[in-house]
Structures are given as C-alpha cells and as structure tokens.
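Full structure from sequences and hints, please.
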Amino acid sequence: MAEKHEHTHDHSEHGSELSEMQLRVRALETVLTEKGYVDPAALDAIIEAYETKVGPHVGARVVAKAWSDPSFKQALLEDGTKAVLALGAINRVGDHLIAVENTPKLHNMIVCTLCSCYPWEVLGLPPVWYKSAPYRSRAVNDPRGVLADFGVTLPADTAIRVWDSTAETRFIVLPMRPATTEGWSEEKLASLVTRDSMIGTGFPKQPAEVA
Amino acid sequence: MDGVHDMGGMHGFGKVEAEKNEPVFHDEWERRVYALYRAISYAGVWCIDQARFAREQLPPDVYLASSYYRKWELGMEKQLVESGLAGADELAAGRVLRPGKPLKRKLTAAEVPNTVTRGSFARPPQKPARFKPGDRVRTKNIHPKTHTRLPRYARGRVGVIEALRGCHVFPDTVAIGKGEDPQWLYTVLFDGRELWGDNAEPSLKVSIEAFEPYLEPA
Numbered sequence: 001m002a003e004k005h006e007h008t009h010d011h012s013e014h015g016s017e018l019s020e021m022q023l024r025v026r027a028l029e030t031v032l033t034e035k036g037y038v039d040p041a042a043l044d045a046i047i048e049a050y051e052t053k054v055g056p057h058v059g060a061r062v063v064a065k066a067w068s069d070p071s072f073k074q075a076l077l078e079d080g081t082k083a084v085l086a087l088g089a090i091n092r093v094g095d096h097l098i099a100v101e102n103t104p105k106l107h108n109m110i111v112c113t114l115c116s117c118y119p120w121e122v123l124g125l126p127p128v129w130y131k132s133a134p135y136r137s138r139a140v141n142d143p144r145g146v147l148a149d150f151g152v153t154l155p156a157d158t159a160i161r162v163w164d165s166t167a168e169t170r171f172i173v174l175p176m177r178p179a180t181t182e183g184w185s186e187e188k189l190a191s192l193v194t195r196d197s198m199i200g201t202g203f204p205k206q207p208a209e210v211a
Numbered sequence: 212m213d214g215v216h217d218m219g220g221m222h223g224f225g226k227v228e229a230e231k232n233e234p235v236f237h238d239e240w241e242r243r244v245y246a247l248y249r250a251i252s253y254a255g256v257w258c259i260d261q262a263r264f265a266r267e268q269l270p271p272d273v274y275l276a277s278s279y280y281r282k283w284e285l286g287m288e289k290q291l292v293e294s295g296l297a298g299a300d301e302l303a304a305g306r307v308l309r310p311g312k313p314l315k316r317k318l319t320a321a322e323v324p325n326t327v328t329r330g331s332f333a334r335p336p337q338k339p340a341r342f343k344p345g346d347r348v349r350t351k352n353i354h355p356k357t358h359t360r361l362p363r364y365a366r367g368r369v370g371v372i373e374a375l376r377g378c379h380v381f382p383d384t385v386a387i388g389k390g391e392d393p394q395w396l397y398t399v400l401f402d403g404r405e406l407w408g409d410n411a412e413p414s415l416k417v418s419i420e421a422f423e424p425y426l427e428p429a
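As they're listed, the protein sequences go chains E and Y.
Quick note: the first sequence uses our numbering, first residue 1, plus one each step.
Quick note: the second sequence uses our numbering, first residue 212, plus one each step.
Note that these hints are calculated values from the structure, not bench results.
Take these hints with a grain of salt, some might be off.
Chain Y stretches covered by chain E per the calculated footprint, using a threshold of three residues with CB under 8 angstroms from any CB of chain E [what the hints assert, rightly or not]: (1) 234-240; (2) 300-310; (3) 343-353; (4) 359-365; (5) 384-395; (6) 411-423.
Quick caveat, the model's predicted, so the values are computed rather than measured.
Just so it is clear, CB atoms sit at the ideal spot from N, CA and C, and this is done for glycine as well.
Next up, the structure:
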C-alpha cells in the first residue's frame, strides 16, 4: 500500500514540470479556497482516504472470500455491486461493479482505452502504467504482448477476453486460486491476491511467496 | 471527438512499464490536484463526462506529453475559466480578484467518507431496450467533434450483445450541456478479427460498453 511520500522540491525525475506544476496547483488551490468553493480540511480528508483506506487490499478481500465461499462467488459473479456491499468491505460501491472470472480456458484483462476508468472502490487509484499510452493502446490488440511486458505468459490454449471500460460499469478480475492452498484462511488467501491479478496483467502470488 | 485520447489499437507507444512499489501519488501537487478535482466535482460544478471532454480537448501535444494529473489540472483550469467560476487572470495571479459564485454545495471533511466512491449514473429508462443478449449489432460509423464513448477501433464493426447493463446517463449529450438523456447500455462483444483483421490474435475477444444510440441491428 501507499507509503507517505514526503514532499521534496527537487525531484529529478519530474524535472521542470514539477516546479511549474507546484506553482500552478498552489495558485489553483488558493483561488478555489478563497472563492469559498473548497474546504482545505476536506481536501486533506480526501487524500488520506485514498492513501490509506481505499486500495487493492479491498479487492483482495473480495477475491479471497470468493475463493473460500462458493455461494459468495456465485453472488459476486451475478451482481458484483450487491455482493461487495454485503461483504461490508466498503460502505458504498459504484452502481455497476462487474466481476469476471478467469479459468484455465479464459483469461480476462481490463482496460480503459479512452481515459482511465478503473474500479476505484475495490482497487484504489490506478497505477501510472494503467493510464499510460502503451497500455491503453495495446491492451485491445496485443494483450499477449502486454502480458509479456509484465513477465506473464499464458498457455497458448487460454483464450483472451479484454474488457474496455467505455462507460460507468467497472470490472474486477476474479483470478484463479493458486494450487496447494487448501484449508487456508481468507486472510491468508488475501495475501496472495495482487492488484495486477485483479486487472488481468498478473497472476496471484504462489503460496511459497507468502509462506 | 477523434482525439489522441482515443488510443485503442494505436502503434508506436512502446512497452508498458510498471513501477515497482508505486506510491498512490508521486508528489504533493498530485495529491492536491486529485483532492481539488473531487471536491469541485462534489460541488456540482461539472460531471465526469464534462471533465473527460475538457481533457480530450487539450492540444494533442500537451495531452501526450503531460502526466496524468497534469492533464487533470489543465482540464480543471479550462473548465473553471469556461464556466466563469474563476478567471484566467486569477489563476495566473494565484489570488482572488473577484468574489466567488454560489455553488450547490461544499464538501466538508465530515462528508468525505460518504463520497469515496463514484457517483450514480443509472437512470430510469425512457423506453424499452431495443436489443437483447444474443442480438447481432453493428456499431455506427460516427465521428462527432464532441465527446463520445464509442472508441474509433470499434466503429462500424459487428458484434454480439452480451449483456444489458441498465439505463445510464448518456455521455455524448451530458458532456456538452445537452442533458442526461438516459440510454440503455450494453456490453457488446467483438471477435478480434472483426476489429483487427486476419492477423489478430486468434483467441482474442474484446468488449466495449456501448450506449444504444451507438448501435444498429446487423
């Protein structure tokens, strides 16, 4: 999860954009605050929520529950929004959360070619690569190439299904449960679930990696 | 609009490069941009499709060269100035030169936990759905200069309705101030070859979420 990132003024990787953006954003925030449009305390609360409360750990809990409880899994695949709400993992979800299941025959991958649509409620804010031109351009026509960029190889006989998030429906991949995890608690199973496995650009960790 | 934001299927952008242990935000200004966007959205100043359209209208070189949150910041500035809520002179000066206008509501810290989600876009239907799962449809070959959520790579293509997702706010109208005009939304599934030709990955299927006005029977 996110670590607090200390604010420094000379991040070399951002170069001159940083100083330009620092000034622009400071000006913008000052104007919006002085106009009475925004409350700085609310801004701090938003940042805190997205850095500490919302993130892939929520989705991992959902996946682990689905791996452990067949009736929850069925409910999740039938109506993701309702199932996740019932789990109580979060207090609200968007109207249309859709869980899609990976099987030995089918691998699902999520993208938003037009902007950056992503299931914030269960995965938090998207990583930079998800919003980047290489991913947005290639996921829909070269998904195996994209997977190779992640070091992931699918069996040749596994079909690929790409979901382009072009509306307000949101998708989460239900990855396959790793072998030799019989009898594991939901909490332990959740430790196997990576963010990328819920986007479809990775697999869950292997049991040996968390043992 | 047929802008550079509509990236599906384009070549030349290179490898996907994932950052290890990536933080949620890379710097303080990104945090502030994100929070300002959420707070102003809550105040009812713009809806998500208007915000998307503002970013799409950034000049192509700016769009491609800007980091994600820089695009958000530039889009916000554009919308604030165009809506008259702040002046370009004020944003340049970094201080207020005229009093603010009344907004519908103002986000407080106490209300934040209830807003850590997306808004609701489902609406009561205006008419029965035209298509049902299993129907073959062709996407229209449209090229509006305004906002649309039908990506270029999936225009004029034949697919199958896989699911009906309810009736939703129509981005194409709401983005340009012409109202929500709710429309049925479908998951439409395309064979990879229909989209990319004979050299497509043989097993590939791609779906889009398509509003009813994008579709005609095939």
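Hint check:
1. 234-240: Result for this restraint: holds, n = 7.
2. 300-310: Three-residue rule met by the region 300-310 of chain Y, so holds; n is 8.
3. 343-353: It is violated, with 0 qualifying residues against the three required.
4. 359-365: Check passed, 5 qualifying residues.
5. 384-395: violated (count 0)
6. 411-423: Coverage by chain E holds for the region 411-423 of chain Y (11 residues, Cβ < 8 angstroms).
This entry does not satisfy hints 3, 5, going by the numbered hints stated previously.
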